[in-house]
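Numbering (the working numbering), first residue to last: 1 to 298.
If you are wondering where the hints come from, they were derived from the structure by calculation, not from laboratory data. Just to be clear, a hint being listed does not mean it is correct.
Said to hold, decoys possible - Taking lysine to aspartate or glutamate and the EDC-like style, the derived pairs with C-alpha atoms no more than 20 Å apart in a straight line are: (1) 280 - 230; (2) 270 - 205; (3) 241 - 215; (4) 253 - 285; (5) 5 - 166; (6) 241 - 180; (7) 254 - 285; (8) 5 - 94; (9) 253 - 223; (10) 265 - 228; (11) 237 - 205; (12) 241 - 230; (13) 247 - 205; (14) 111 - 128; (15) 111 - 131; (16) 156 - 94; (17) 253 - 228; (18) 278 - 215; (19) 278 - 205; (20) 111 - 141; (21) 156 - 166; (22) 254 - 274; (23) 169 - 230.
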Amino acid sequence: MNITKTAMITVCGRPNVGKSSLTNTLVGEKVAIVSNKAQTTRNRIYGVVNRDDTQFVLLDTPGLHKPKSALGDYMVKVVTSSLSDVDCALLLVEPIAHVGAPELALIQRIKEEGIPAILCINKVDTVEPAEVLPVIAAYNEAWDGFDAIIPISAHKGIGLDDLMNELGKYAAEGPQLFPDGMTSDQPERQVMGELLREKLLLCLDKEIPHGTAIEVTRFSERDSGVIDVEATIFCEKASHKGIIIGKQGAMLKKISTMARQDMEKFMGTKVYLETWVKVKENWRDNVNYVRSFGYHDE
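Construct the entire structure; sequences and hints are all you get.
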């Protein structure tokens, strides 16, 4: 494959519209963690798709929301800064005939940056085809500047070829940014931490998983090819620590087993995982803690 063109595309939208699912589907493997809870993605993640002579670099961003903590402030900053210096913005929305405050804020930001934008209506497999028309009408009324409006389902793969063909129009002549076989800019150590955090989101209820951060303290490979991963799960309260560990360690064991299986799939080799749980009270409100867990400006 001879790459001669590149396109930088920011995927933005409110929390939980399917940005990470879309990125993963287009890339063809899991580069961003996915859960049915809002605010799963915290950092900007690059997903790389090579198609014909073009390399598409997708910037998967956190959902735009009203921040309630230093971590929330950081996440909103990531979204707005990700709309600078890109070839196109892809605004992902749900099939609801109402343009909400997060969408209006993102449209305003796209207009300020003067970048081309595509509206993608996701989850169209969950509604009747006729129900998509009022959604298109509502967004056209809010802003008539979208280059294209494409109904898709990231989950079912509907409309993705149309989307990629449309995105191809924004590719410019230029060198390949990521080498062949590289699907993300995330270091493997960071991916290990994110896979563990995904399982916390999956297995724990309410606010607890949002108050967790992962520090991978060891990531090394043995001569045999086995990878050793040691990770500390930080939570905000002692009571949360008890819930994460569970009765006789059952919950932590379940979370760790699920994470290890995904890590092995990602690394293509056996992984030996050890996890600990520690308390750092209200770390999300402390800018220094937020930074120490890897959430800092470029």
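Now the hints, each set against the structure:
Taken as a hint, the residue 280 and residue 230 pair is honoured in the structure, with Cα atoms around 18 Å apart against an allowance of 20 Å. Taking the CA atoms of residue 270 and residue 205, the gap is about 30 Å. The hint is violated against a cut of 20 Å. Among the hinted pairs, residue 241 with residue 215 is consistent with the structure: their alpha-carbon atoms are about 15 Å apart, no more than 20 Å. Proximity of residue 253 to residue 285 is assessed by CA-CA distance (about 29 Å); at most 20 Å being required, the pair is judged violated.
Between the alpha carbons of residue 5 and residue 166 the distance comes to roughly 15 Å, so the proposed pair stays at or under 20 Å and holds. With a CA separation close to 42 Å, the supplied pair residue 241 and residue 180 exceeds the 20 Å bound. Distance check on the hinted pair: residue 254 and residue 285 sit about 29 Å apart at the alpha-carbon level, beyond 20 Å; violated. With a CA separation close to 31 Å, the supplied pair residue 5 and residue 94 exceeds the 20 Å bound.
Between the alpha carbons of residue 253 and residue 223 the distance comes to roughly 27 Å, so the proposed pair goes past 20 Å and is violated. Proximity of residue 265 to residue 228 is assessed by CA-CA distance (about 15 Å); at most 20 Å being required, the pair is judged to hold. For the hint pairing residue 237 with residue 205, the CA-to-CA distance comes to about 15 Å; that is within 20 Å, so the pair holds. Our distance criterion of 20 Å between C-alpha atoms is met by residue 241 and residue 230, whose separation comes to about 18 Å.
Note on residue 247 and residue 205: the hinted pairing holds, with a Cα-Cα distance of about 16 Å set against a maximum of 20 Å. Of the supplied pair hints, the one linking residue 111 and residue 128 is violated, its CA atoms being roughly 31 Å apart against a limit of 20 Å. As the CA atoms of residue 111 and residue 131 are separated by approximately 27 Å, the hinted pair breaks the 20 Å bound. Simply put, residue 156 and residue 94 have alpha-carbon atoms about 15 Å apart, close enough for the 20 Å limit, and the pair holds.
For the suggested pair residue 253 and residue 228, the alpha carbons sit about 17 Å apart, so the restraint of at most 20 Å is met. A distance of roughly 11 Å separates the Cα atoms of residue 278 and residue 215; the hinted pair therefore holds under the 20 Å criterion. Between residue 278 and residue 205 the CA atoms are separated by roughly 18 Å; this keeps the pair inside 20 Å, and the hint holds. Pair hint residue 111 plus residue 141 holds up; C-alpha atoms about 15 Å apart against a cutoff of 20 Å.
Taken as a hint, the residue 156 and residue 166 pair is honoured in the structure, with Cα atoms around 19 Å apart against an allowance of 20 Å. For the hint pairing residue 254 with residue 274, the CA-to-CA distance comes to about 12 Å; that is within 20 Å, so the pair holds. Our distance criterion of 20 Å between C-alpha atoms is broken by residue 169 and residue 230, whose separation comes to about 44 Å.
Violated hints, in rising order: 2, 4, 6, 7, 8, 9, 14, 15 and 23; the structure is consistent with all others.
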